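Engineer: First to last, the sequence lines map onto chains Z and H. So in numbering that gives the first Met the number 0, spot 303 of the first sequence is number 302, and the numbers just go up one at a time. So in numbering that gives the first Met the number 0, spot 51 of the second sequence is number 50, and the numbers just go up one at a time.
Just so you know, the hints here were simulated from the structure itself, not pulled from any lab data. Accuracy of the hints is not assured; some may be wrong.
[Said to hold, decoys possible] Covered stretches of chain Z, going by a simulated chain H footprint (3 or more residues, C-beta under 8 angstroms):
id	stretch
1	79 to 88
2	147 to 159
3	201 to 209
4	344 to 350
[As the list claims (entries may be wrong)] Partial list, computed: chain H residues near chain Z (C-beta under 8 angstroms):
id	residue
5	162
6	163
7	165
8	167
9	206
10	246
11	248
12	287
13	288
14	289
15	291
16	293
17	297
18	336
[Said to hold, decoys possible] Using 27 angstroms as the maximum straight-line C-alpha spacing, the simulated BS3-like pairs for lysine-lysine come out as follows:
id	chain 1	residue 1	chain 2	residue 2
19	Z	50	H	246
20	Z	151	Z	183
21	H	246	Z	151
22	Z	45	H	53
Just so we're clear, the structure is a prediction, and the values are computed from it rather than from any experiment. The C-beta atom is built at its ideal place from N, Cα and C for all residues, glycine as well.
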Amino acid sequence: MSGKLKIYLGYAAGVGKTYQMLVEAQELKRQGIDVVIGYFEPHARKDTIEKTEGLEMVPRRKVMYRATAFEEMDTDAILRRKPAVCVVDEFPHTNIPGSERSKRWEDVQVLLDAGIDVLTTMNVQHLESLNDQVWQITGIRVRETIPDWVMKQADEVVMIDVTPRALLNRLERGVVYSPEKARKAMDNFFREPTLRALRELALRQTAHEVDARQANGDPPTEQEHAAPAQQERLLIHVTADPSTAALIRRGKRVADYLGAECFAVCVCEDPDTRKLPSAQRDALEKHLNFARNLHIETRMLQGKAVAETLVEFARQHRITQIFLAWPNPRSLPLFGRNTVQQVVRLAGDIEITVVAERRHT
Amino acid sequence: MPSTPPRRPDPEQLLRRVQAEEEEAYGARLKVFLGYSSGVGKSFRMLDEGRRRKSRGQDVVVGALQPKASPEVEVVLRSLEVIPLRYIDGLPTMDMDAILRRRPAVCLVDGLAWDNPPGGAHQKRWQDVEQLLSTGISVITTINLQYIEERREQVEHITGKHVTQTVPLKFISQADEIVIVDAPAEADTQLSELREIALVLTADVIDRQLEAYLKQNGIVQYYGTQERIMVCVTPRANAARMIESGKRSADRFHGDLIVAYVSQPELSAEDKAALDRNLALARDAGAQIEMLDAEDPIDGILQFAQSRGITQIFVGHSLRRTGFGRFLKSPVDRLLEKPKGIDVRVFPH
């Protein structure tokens with residue numbers, strides 16, 4: 000049987016995710032449960048380090064990269080040790096190149112598959128579908144992301160809440176970072192409006208996770224049996240344009256919230272992509288791959304007329320809503336209509352959503 | 000010649016300034032720990048914060064405690080000064096005279112929703128807290144979701160338990176800080192529902208607070224953290240489908256639903272009746288209804304949407320022109336092409 004995953008969710012460094020996770024690990028140990036620490040990032044925080052006392056730590060593995068030794072979680076050693084519960088800090092971490100798996104969340108999957116329960120920590124800004132919104136709020140493009148389906152697999156998501164004011168006080172007192180790093184952080188990321196907005200995102204995300212778990216667990220009511228809500232099916236139009244990544248994230252997020260199935264398709268004149276200019280081909284493949292990583296079903300369609308091909312596919316697959324980006328002004332036709340305008344006119348009963356670009360202000 | 004856009008005031012600086020001014024004016028601050036159920040650890044969080052503040056040199060006392068204390072609460076209590084409750088006809092109330100004489104910087108008040116026995120200064124404990132704040136004493140307090148007046152019915156519907164002691168949401172919303180004490184609800188459906196309500200309530204409070212702070216300083220800035228769906232209806236739109244869809248999205252995103260229409264001076268009696276029917280549907284869906292006055296409907300919609308932090312606009316095809324106009328840009332095209340950070344969903348007739 001697969002292990003259980005519990006995520007301690009926060010909105011910034013220093014809110015107390017790791018601390019709370021270790022408090023729980025200590026409590027489990029007190030109850031006689033076999034707990035080990037698989038990975039712990041001390042960050043020189045005294046209170047947090049104290050909470051590891053008495054807990055067994057599985058030594059980290061050394062990985063050489065460009066003649067420097069890095070330390071990563073030793074997943075194989077944990078598997079051999081086979082504890083009941085493993086504590087893994089910093090869920091979204093990217094492993095050093097040369098590691099067996101590129102992401103820590105993939106290591107965690109291995110532990111879960113081996114029947115080990117995992118406690119882990121992450122901040123809301125690392126959730127893939129919020130990437131553009133987080134950029135809009137913070138001006139920071141978060142690179143280490145967790146696909147939404149990974150978070151959905153968690154059995155429990157708990158919000159670790161402190162107010163931005165309390166967090167800034169901690170920062171000023173040097174609890175979170177060294178004085179120099181703290182000053183830098185307060186100039187950049189740790190600004191009160193930013194923290195408030197991220198905190199709100201974390202609260203709403205947690206509410207959604209609670210909601211989704213309820214919906215899954217409930218047997219359908221009589222009413223729902225009698226009149227099942229119309230099953231929404233979303234189609235995302237993939238192009239080589241860089242805005243496609245944001246379109247995919249937004250489309251998938253809406254699909255998840257509506258409980259809809261989701262497809263991502265691109266339309267090429269020739270199904271043989273080798274005939275495309277290499278930059279375009281690479282971009283298309285990157286976007287389709289990205290969609291697949293988010294567990295979206297992808298297709299490459301062949302057709303001269305993009306709008307017609309899209310709408311035809313949509314009809315065949317009983318799509319209820321098509322997601323598109325407004326085309327880049329440079330690629331707009333001088334005369335006639337662009338793809339979006341054409342799709343709107345062809346779509347018949349299908350709804351069309353044009354996803355706006357979200358910019359940092 | 001390129002002109003430099005006027006420099007916008009830095010929201011961060013403004014926020015800090017406003018807070019600094021407020022603190023100078025009132026000094027006292029209110030902090031609320033909100034839990035979705037008893038036993039999630041609100042009291043512990045409050046007392047633990049009191050203990051930490053005291054260790055940093057603040058003058059902290061405990062003004063009120065719940066009758067039953069867990070072992071971990073007992074431990075924290077040992078390092079705190081407690082002003083005992085006063086009893087009137089055997090019923091406990093906070094000893095306001097003693098607290099006011101003692102004049103601490105911070106007073107910890109457990110169980111904000113407590114009803115005082117007759118004969119005290121105030122009927123409600125939250126009114127005691129109001130008085131403490133007005134005399135310059137900061138308060139840290141706890142409340143359980145079920146005691147928030149505006150959520151009482153909803154919670155009663157879930158738990159089947161009736162409560163009489165309540166605190167108005169306005170009092171909580173005006174707190175300087177609100178913190179949710181979250182804990183897993185395991186597989187308990189009732190508790191999960193309560194937990195969801197508490198999380199959304201906290202998110203809504205902090206959303207409004209940030210908005211208010213920024214607005215006070217003449218800044219309209221939205222981060223899109225809360226989904227706000229604006230359904231634009233006309234007499235001829237398929238409003239039923241759009242509103243139903245809007246409501247479903249708003250519910251799933253825990254967002255707001257706004258139904259807007261652009262007033263038209265010369266509506267036929269038939270169109271007027273159709274519009275009224277559509278607005279009735281909007282009211283039934285619990286939407287907020289807005290009438291927009293604008294010469295150009297698209298400009299009116301966009302202006303409103305931008306001023307209110309709308310994240311999704313729903314429009315119908317019926318805005319599309321027919322006849323000769325079909326060769327021109329349709330209003331929907333204009334709505335779609337303007338870059339504005341808002342998604343637009345187009346519905347068929």
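Engineer: Evaluate each hint against the coordinates.
Structural biologist: Right, here's what the structure says about each hint:
| no. | hint | in the structure |
| --- | --- | --- |
| 1 | 79 to 88 | violated (count 0) |
| 2 | 147 to 159 | holds (count 4) |
| 3 | 201 to 209 | holds (count 6) |
| 4 | 344 to 350 | holds (count 5) |
| 5 | 162 | violated, 22 angstroms |
| 6 | 163 | violated, 28 angstroms |
| 7 | 165 | violated, 23 angstroms |
| 8 | 167 | violated, 21 angstroms |
| 9 | 206 | holds, 5 angstroms |
| 10 | 246 | violated, 12 angstroms |
| 11 | 248 | holds, 7 angstroms |
| 12 | 287 | violated, 19 angstroms |
| 13 | 288 | violated, 22 angstroms |
| 14 | 289 | violated, 21 angstroms |
| 15 | 291 | violated, 20 angstroms |
| 16 | 293 | violated, 21 angstroms |
| 17 | 297 | violated, 14 angstroms |
| 18 | 336 | holds, 6 angstroms |
| 19 | Z/50 / H/246 | violated, 46 angstroms |
| 20 | Z/151 / Z/183 | violated, 34 angstroms |
| 21 | H/246 / Z/151 | holds, 24 angstroms |
| 22 | Z/45 / H/53 | holds, 19 angstroms |
When each numbered hint is compared with the structure, violations occur for hints 1, 5, 6, 7, 8, 10, 12, 13, 14, 15, 16, 17, 19, 20.
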